[in-house]
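Novice: Listed below, chain by chain, are the residues.
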Amino acid sequence: MSFAAHLISGISLGSVYALIALGYTMVYGIAKMLNFAHGDVIMIGGYVVFVTVSGMGMNPLAGIVVSMAACTVLGVVIERVAYRPLRGASPLAVLITAIGVSYLLQNIALLAFGSDPKAFSNVVTLPNLELFDGQLVIKSVTVVTVAVSVVVMIGLTLFVKKTKIGRAMTAVSEDKGAAQLMGINVNGTIAVTFAIGSSLAALAGVLLCSAYPSLTPYTGSMPGIKAFVAAVFGGIGSIPGAFIGGILLGVIENLSKAYISSQLADAIVFSILIIVLLVKPTGLLGKQVQEKV
Amino acid sequence: MKKKLLSLVLAGAMTAAVVTGCGNSASGSQTSDGADSQTEESAADSQTSDGASSGDTFKIGGIGPLTGSAAVYGVAAMNGSQIAVDEINAAGGINGMTVELNFQDDELDAEKSVNAYNVLKDWGAQVIDGSVTSACSIAVSDKTHEDQMFQLTPSGSAVDCVQYDNAFRICFSDPNQGIASAQYISENKLASKIAVIYDSSDVYSSGIYEKFAQEAASQSLEIVYAGAFTADSNKDFSVQLQKAKDAGAELVFLPIYYTEASLILTQAADMGLDVQFFGCDGLDGILDVENFDVSLAEGVMLLTPFAADATDALTVKFVEAYQEKYGETPNQFAADGYDTIYTIKAAAEKAGITAGMSTEEICAALTAAMPEITVDGLTGEGITWDASGEPSKAPKAVVIKDGAYAAM
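First to last, the protein sequences are chains A and B.
Here the first sequence is numbered in our numbering, starting from -5 and rising by one per residue.
Here the second sequence is numbered in our numbering, starting from 1479 and rising by one per residue.
Keep in mind that the hints were calculated from the coordinates and are not lab data.
Where is the CB? At the ideal position from N, CA and C, for every residue including glycine.
One should not assume that every hint holds.
To be verified - Pair by pair, the computed Cβ-Cβ distance ranges are: (1) A261(A) to Q1641(B): 24 to 34 Å; (2) Q1697(B) to L123(A): 33 to 43 Å; (3) Q1697(B) to I90(A): 52 to 62 Å; (4) E1589(B) to S84(A): 28 to 38 Å; (5) T1852(B) to E124(A): 51 to 61 Å.
Only chain A is shown next, with the shape it has when bound in the complex (with noise of 0.2 Å):
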């Protein structure tokens, strides 16, 4: 039964990994650059159901969409001012701009709101499921959380596979010089990426602190890092990849915790990485690429 309940918790952490690690590898997949902001945007997204729900007292259905918007404009102008400029540039200048913009978002929020912790009101209010006789209890945010997250990933997959926007991206992420030579926009679709992976960004950020509700500028720098993992795991790029790597990431977490040490969880993921990368360098799910000559 216990066994149960810490699978259950590690399901629970897992899916908010595997929401955020979604919005990485969709990002990655397609633009070719890690976007180490995207941790950022989470809590931005936090911060704006925070003030529109708690603050002024909005519904929270509008709170989360409200949230969405703000994020998919601040990843569209995070892309336009920072990153596009450097499409040419290697990819070291990218990532090392991508950390700075993720300081930046960080010591903007600590600017408005403070470092001083806030209290998140749960925006899932559907009651929680006790089975057993309430021996077992699963979060009905957990449930939430895992239906978001199952229909993100099949959203995704259909909308990169099926629609013309979709396959633009194809295109652009194997061959932005070809692509264009075709007549793609490369600069519009990759500003559509960035606006998909930022407003799922927001929607992890609703269901983050909902499950964890306090509230910090830090509070996405972590879990974000962590989905990053879940995402290489799974096979950096693939989208089904994003999602079972991060459930698998917080399974392993959580059954570490209750049944190696709770100290060493956090050594024993990253070990399982580290092994699963030198077995299958690509990931779980990861397609190995010809480079063509």
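Could you slot chain B onto chain A? The hints should help.
Specialist: Just chain B, lined up with the frame of chain A:
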């Protein structure tokens, strides 16, 4: 470049060696070294010219987190200190000197705490009230020791906060809190099966836990589960709580800060875990977390030397003044801050501090006076100190009832 750095370090070491001496009690100031003669001279000048006129000031520099995740502590300590300063000034000051308090923010960051100390030194601080938290206090004490400035921390509870002779504290040390918690639980028969959730990456939390575990063994309390977490995984506590539940714990001991504790209480309520929670002074402030549902904290007990609803005259007067000035009920850190200022006053009067004395002389005189004074404060009656900097007083516990502290 390396050579330059080395020579800088060596020069720094030499300066430090020349200036040390504060620690060696009163005799240190008598044989005050040549390097200080200039400052002493100028100090003597100002003494003769100003005398003990009412224009003299005694400058106290305060350091604590006024923003950030521990802001509740710092703001309370600052407000408490300010009330004491106002009272003392209204009653004629310390030895005829008007007290000035300048409180700087350190955001719970050791580096910023040292910056705050440097700001205060430039301002002309003569003694330091702070820092409010352990790690910051330790960082500042390295500097005050170097500069020979007297330091009294209201609530820096880690052992190393008072490692230097010029540093003292008002609150209990971490080991003392761990021991006192175990004794309190055992004497009041609160539980026999205990689970502990602590932060292994934090010196305050792990320090209390270690001593608690030792004392629990000798009090025949059984620790059925000890779950650690670190600063990198301080969001999800469901595993630790589930393990505590499975182990049949009747009481969960939380020697941690209130930010994590508020998450633990929320998650415990979600999973229907109904046990007694018991914490130390780090839990103080949990009722002030913005938007936190205080009903979750109902029945939580914490070891704190101050309860705002106590009926002794001193507490009643302080609580009234605090509520009038700041519009809220003071917590333990406010009381610590208040006692800090009165302790400085008692030591300064005992040592006969006058306006003309240099910072080093004040430090030596106050260090010598501390073991000789007895302070009746808000956080304990008849508090005394030994030369190591540790206070001696009796612990008290409070329980949270209807969203406020109640004495037990």
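Novice: None of the hints should be skipped; say for each whether it holds.
Specialist: Results of checking the hints against the structure:
1. A261(A) to Q1641(B): 24 to 34 Å: holds (31 Å)
2. Q1697(B) to L123(A): 33 to 43 Å: holds (40 Å)
3. Q1697(B) to I90(A): 52 to 62 Å: Holds, at about 55 Å.
4. E1589(B) to S84(A): 28 to 38 Å: For S84(A) against E1589(B), whose Cβ atoms are near 32 Å apart, the range 28 to 38 Å holds.
5. T1852(B) to E124(A): 51 to 61 Å: This hint holds: roughly 57 Å between Cβ atoms.
Every hint from the earlier list agrees with this structure, and none is contradicted.
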